[in-house]
Amino acid sequence: QQQVKQSPQSLIVQKGGISIINCAYENTAFDYFPWYQQFPGKGPALLIAIRPDVSEKKEGRFTISFNKSAKQFSLHIMDSQPGDSATYFCAASPLGNQFYFGTGTSLTVIP
Amino acid sequence: DAGVTQSPTHLIKTRGQQVTLRCSPKSGHDTVSWYQQALGQGPQFIFQYYEEEERQRGNFPDRFSGHQFPNYSSELNVNALLLGDSALYLCASSFGTANTEAFFGQGTRLTVV
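As you go down the protein sequences, you meet chains A and B in turn. One point on numbering: in the working numbering, the residue at position 109 of the first sequence is 109, and numbering is uninterrupted. One point on numbering: in the working numbering, the residue at position 101 of the second sequence is 101, and numbering is uninterrupted.
Because the hints were derived from the structure by calculation, they are not lab data. A portion of the hints provided could be inaccurate.
Stated by the list, open to error - For each label pair, taking beta carbons as the anchor points, the in silico distance ranges come out as:
hint : chain 1 : residue 1 : chain 2 : residue 2 : range
1    : B       : Ala98     : A       : Thr28     : 15 to 21 Å
2    : A       : Pro8      : B       : Ala98     : 29 to 35 Å
3    : A       : Gln9      : B       : Pro70     : 39 to 45 Å
Note that CB positions come from ideal geometry on N, CA and C, so glycine has one too.
Starting from the given sequences, assemble the full structure and let the hints guide the process.
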């Protein structure tokens, strides 16, 4: 049973466009929601994370939107660049416990 | 400041053999978690070590075991390897038991033939 559902599986965006990746969860005990970026052959790198007490968090071109009532959260990448081409994973965890990862979104940014 | 380092980077083993993977956490971190990432999938939690004890365990068989040393480094051992154990094994470190700000190593690519 997939604890965190992620969509889309793949995404193609033009350079300068906005990339949007969505995740949904059911477990109300989840208290921490990070996003990771992974390049081929590398480990996941923490991009940005949010706690459920805020609805939005922005760091540079990356923004997390969080909807606690809908149990959904999303990653927005503004002004997408070819260097952003990677696989993105959302995750969720009860604080202090294991991360449950989504299935990943392969993002391709076309120059 | 070195991040999370894992060794070896690649490994090929024969079915039925045993393997040991190693992880050194990021400086200042004392908690180590291990994940298995199959090709095209998200990482799956194996277990977490804190204060040299297994604190949490995911849905993996007893063939998967681990250890944490006083310097916070950790080992993952897998016995009686199966073809299905072929995956990228990731180590993540964090500070304390809150498990926020977890940093991953580059992983060990294990191939079982």
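Here's how the hints hold up against the structure:
Judged by the Cβ atoms, the range 15 to 21 Å given for alanine 98 of chain B and threonine 28 of chain A holds: they are separated by roughly 19 Å. The given range of 29 to 35 Å is respected by proline 8 of chain A and alanine 98 of chain B, whose C-beta atoms sit roughly 31 Å from each other. Between glutamine 9 of chain A and proline 70 of chain B the CB atoms are about 43 Å apart, so this pair conforms to the stated range of 39 to 45 Å.
Violated hints for the displayed structure: none, as all numbered hints are satisfied.
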